[in-house]
Amino acid sequence: MASTALQLYGAMQQAKGLRAAGAAAMRTAEFNNAIRKRNERVARQEADLRERVGDREAIRFRKNFRKLQDKADTAYRKGGVATGTGTPILVAMENANEAEEEVQLIGLQARTDAGRLREQGVNQRLAGQVTLLEGRARQQAFNTRAKTAMISGISNAIESASKAAMIT
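Last residue of the sequence shown: number 167 in numbering that gives the first Met the number 0, and the count goes up by one each step with no gaps.
Simulated from the structure, these hints should not be mistaken for lab results.
Treat each hint with caution, since some may be false.
Here are the computed lysine-lysine pairs in the DSSO-like style, where the Cα-Cα straight-line distance is at most 30 Å [claimed, not checked]:
1) LYS66 / LYS77
2) LYS15 / LYS162
3) LYS146 / LYS162
4) LYS77 / LYS62
5) LYS162 / LYS66
What follows is a set of in silico ranges between Cβ atoms, one per label pair, in the way DEER data are often shown [to be verified]:
6) VAL102 / GLN44: 35 to 41 Å
7) GLY106 / ASN142: 33 to 39 Å
8) GLU118 / ASP54: 29 to 35 Å
9) GLY9 / ASN142: 14 to 20 Å
10) LYS77 / GLY114: 29 to 35 Å
11) ALA71 / LEU107: 56 to 62 Å
Using N, Cα and C, we set each Cβ at its ideal position, and we do this for glycine too.
Given only the sequences and the hints, what does the whole structure look like? Please build it.
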């Protein structure tokens, strides 16, 4: 009779341990998911920052270009050349076109970098969701093993009790 009780107690303890392992697996998955969500948030913030920095770079470039154009105009005027006609205006237009192209490239690079960062954030979120799914699956597996251990323990205890009853 004592061995039957010990078998039942052992089965209950094994099931309890397996359920605890399942709960721990789920808590770990939830923790990892929280980290992934934080990483997603950081990636979004970095993407927003990259766009703002790109906008500031474009503004800074335009200011510097304006200063350069003003110096070129001053040099032409000091040389006695009219800046609104002929070669000076053609040079100014070419410089302006190149400057605008550079501004567009700065913006494109910033948006591309920001898009890449946002995509990394999405990947972090998706990885977190996968982690949760894996955690749930591990928890279910541990719970199933716990139920199996209980059923097996009860079955073994009944079998032992039956054998003991037959002997007596």
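A quick look at each hint next to the structure:
1. LYS66 / LYS77: Holds, at about 16 Å.
2. LYS15 / LYS162: OK: LYS15 and LYS162 at ~27 Å, within 30 Å.
3. LYS146 / LYS162: Measuring from Cα to Cα gives roughly 24 Å; hence the hint holds.
4. LYS77 / LYS62: With Cα atoms ~23 Å apart, LYS77 and LYS62 stay inside 30 Å; holds.
5. LYS162 / LYS66: violated (101 Å)
6. VAL102 / GLN44: 35 to 41 Å: Given range 35 to 41 Å: violated, Cβ gap about 25 Å.
7. GLY106 / ASN142: 33 to 39 Å: violated (54 Å)
8. GLU118 / ASP54: 29 to 35 Å: violated (20 Å)
9. GLY9 / ASN142: 14 to 20 Å: holds (18 Å)
10. LYS77 / GLY114: 29 to 35 Å: violated (47 Å)
11. ALA71 / LEU107: 56 to 62 Å: violated (27 Å)
Hint compliance for this structure: hints 5, 6, 7, 8, 10, 11 are broken, all remaining hints hold.
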